[in-house]
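As you go down the protein sequences, you meet chains A and B in turn.
When you line the first sequence up against the UniProt record's numbering, it's residues 1 to 334, in that order.
When you line the second sequence up against the UniProt record's numbering, it's residues 1 to 312, in that order.
Please note that the accuracy of each hint is not assured.
Unchecked claim - List of simulated lysine to aspartate or glutamate pairs, EDC-like, C-alpha gap at most 16 Å: (1) K312(A) to E322(A); (2) K152(A) to E134(A); (3) K69(A) to E209(B); (4) K128(A) to E138(A); (5) K69(A) to D30(A); (6) K115(A) to E70(B).
Source of the hints: derived by calculation from the structure; they are not laboratory data.
Only a predicted model underlies this, so the values are computations on that prediction, with no experimental measurement involved.
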Amino acid sequence: MKLDSTVNRIPTVVRVNSVSVGFPNRDGMDEVVHSISFSIDVAERVGLVGESGSGKSLTSRAIMQLVPKPGQITSGTVLLEERNISDSESKIDWRGSEIAIISQDPLTSLNPLVKIGVQISEMLIHHKGMQKSEARIESINLLKSVGLPNPKRTMNQYPNSLSGGMRQRVAIAIAISCKPKLLIADEPTTALDVTIQSQVLDLIESISTENQTAVLLISHDLAVVANFCSRIIVMYDGRIVETGPVNEILNFPKHPYTQALIASVPDLFDTSRERLQTIPGSPPIAGRINLGCSFAPRCTHASDICLTHIPKLEVSSDADQEVACHNPLKRVSS
Amino acid sequence: MSRWLIRRTAQMFAVVWGVMTLAFILAFIVPGDPARMVAGPNASPEAVANIRHELGLDQSLLTQYTHFIERLMHGNLGISFALQNQTVGSAIWRALPFTAALAIGGVLWEVVLGIPFGIISAYRPKSIFDRFSTFSALFGLSTPPFWLGLMLLYFLAFKLSIFPLNGVGHPLIWYLILPSFTLGVGGAAFYSRIVRTTVLNVLQSPFIEFAQLKGMPASLILRRHVIRHALMPIVTMIGMDLGYFLGGVLITESIFGIPGIGQLAFKSISTLDVPMITGTVLVASVFMVLMNFIVDVLYTFIDPRVRLQRNN
Ligand SMILES: Nc1ncnc2c1ncn2[C@@H]1O[C@H](COP(=O)(O)OP(=O)(O)OP(=O)(O)O)[C@@H](O)[C@H]1O
Ligand SMILES: [Mg+2]
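Build out the structure end to end from the sequences listed, making use of the hints.
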């Protein structure tokens with residue numbers, strides 16, 4: 001029996017080390033994701049939040065080692081368990097099977113000219129080496145498990161004859177077909193109507209519990225993340241500005257941006273009819289070289305140092321909560 | 001689907017009938033006297049009148065038209081004016097295999113050259129291959145077939161004696177390599193452009209990205225997810241070209257001395273051989289309409305969305 005200090009720690013599934021993503025321009029690179037590091041434990045549910053354009057999707061795609069062209073992962077490594085999957089020499093047999101993703105738009109992510117059955121069983125045939133007949137049976141089971149009412153029929157249907165909610169269920173079935181260790185859900189419900197949204201989230205939740213699948217949930221919706229995740233990562237302008245357990249972050253945000261984000265959400269905890277707060281100013285233009293903290297121009301707590309030095313993500317006095325701010329908010333007990 | 005089929009079939013008959021009527025009328029409007037053509041320049045007016053009566057040309061246009069349609073209903077295209085004692089049907093039947101072989105050969109060149117070039121260009125846009133392919137396409141599109149045909153004949157057949165010089169013989173395929181290439185080059189260039197654009201578009205669609213994120217290998221993505229989308233324009237082009245070529249390709253046929261429908265049609269026009277004119281026009285229009293129809297049916301197999309529409 002091993003008796004070192006890691007014995008009680010939950011093992012890590014994916015570790016992201018200083019990953020940067022950029023887009024080539026005339027004279028070099030526009031970096032839009034700046035040296036991001038975080039890790040996700042086995043079966044952990046992590047929420048990734050931030051304004052539109054803050055780099056959430058690119059971060060998730062960097063984990064998949066497939067950023068949309070002409071984007072490039074310019075530095076950093078990604079470890080899947082102990083294995084370095086960002087090594088260009090390493091075989092890409094994990095993509096889709098060990099780390100899987102459900103994308104932002106379920107309506108267009110299925111090929112309209114290919115039967116649902118083929119689009120799901122090709123996963124099992126390719127990744128698991130199943131025979132066609134075997135893959136077919138397994139596919140039907142998968143479609144059943146994501147709550148499609150008539151899986152046998154659905155197998156022979158084309159995406160256009162399914163509703164948006166059903167298509168997202170199919171996409172989920174595809175993503176979980178090989179029992180991935182990490183499931184990335186990039187705003188899985190934005191294209192769906194409200195009643196379907198919670199059904200889809202419930203589905204992802206139950207899958208995660210059942211299969212011990214870790215989930216990285218990307219969302220605009222803090223309320224969703226609060227319910228679904230145990231930990232939150234807050235991104236601003238391509239950087240992580242704060243991360244920690246859901247309750248800590250939502251009750252005692254340390255970064256002014258996080259605070260503003262929470263204040264802009266209606267009815268997260270209380271039902272008082274206060275006016276919604278919007279964050280003053282507008283998000284920075286990604287790729288622009290920034291000397292100081294990129295939130296400083298919009299920040300009510302900014303001091304001189306904020307304009308000249310980019311704050312590093314550091315463990316704050318409270319364990320597990322990390323914040324990148326020169327003037328972190330004090331914890332005020334209510 | 002069946003209602004669509006009925007409507008579509010009715011349309012086809014209407015189009016063929018319309019084209020036939022037009023061809024019939026045109027054959028009479030053009031200046032010149034068919035009876036005089038048959039009788040020859042030195043025949044006496046009586047002889048010409050005799051022949052006119054024999055051919056039924058002295059009857060009213062409406063009567064002639066009625067007879068013409070009646071004959072057609074029985075599948076009878078009439079007897080040639082110029083080639084006495086020959087039915088139009090048998091003349092066409094003799095010419096058709098050559099034109100058909102040439103047409104299929106031409107389309108094969110289009111497909112074999114156009115599709116791979118288009119796909120590779122789309123996968124490597126702006127690469128050397130893409131530039132080369134763009135340049136070749138420009139060349140292929142802007143080269144007049146008669147010039148290309150003559151050049152091929154001069155160098156490959158006459159100078160180097162690799163290919164037969166003229167006409168047809170055994171094996172037929174050997175005699176058709178240069179003609180079909182001449183026929184297909186322009187189309188090949190066109191196909192490669194269309195396929196390139198289509199594939200380039202498909203490669204940018206979210207479902208291709210999703211297939212990549214699923215970890216599917218590139219070859220499978222190409223085979224299963226990309227090509228299917230390029231199939232629509234490809235099938236359309238093949239159908240249109242086949243329909244068009246099968247109606248006779250005069251320039252290619254005459255450069256290479258192939259006794260096909262194109263030459264037959266041309267001769268019949270220059271001799272005012274009315275039954276032969278209408279006969280060859282019928283063949284051309286039927287092929288055109290038929291290929292159009294086949295393409296339309298194939299759509300339903302390629303794209304389930306089309307099928308859905310037609311079922312409703
Ligand atoms: N093709 C591109 N060229 C240059 N910059 C790009 C390109 N695509 C994305 N970006 C930049 O990358 C940044 C991050 O994009 P990303 O899609 O990751 O944002 P996001 O946080 O997922 O936003 P959303 O919530 O709207 O999905 C954006 O601000 C955008 O400016
Ligand atoms: Mg996004």
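Verification of the supplied hints:
Restraint check for K312(A) and E322(A): satisfied, since their Cα atoms lie roughly 10 Å apart, inside the 16 Å limit. At most 16 Å may separate the alpha-carbon atoms for a hinted pair to count; K152(A) and E134(A) meet this at roughly 14 Å. Annotation: proposed proximity of K69(A) to E209(B) holds, straight-line Cα distance about 11 Å (limit 16 Å). For the given pair, K128(A) sits about 11 Å from E138(A) by alpha-carbon distance, which is consistent with the 16 Å threshold.
Restraint check for K69(A) and D30(A): satisfied, since their Cα atoms lie roughly 13 Å apart, inside the 16 Å limit. Among the hinted pairs, K115(A) with E70(B) is inconsistent with the structure: their alpha-carbon atoms are about 49 Å apart, more than 16 Å.
Checked against the numbered hints above, the structure violates only hint 6.
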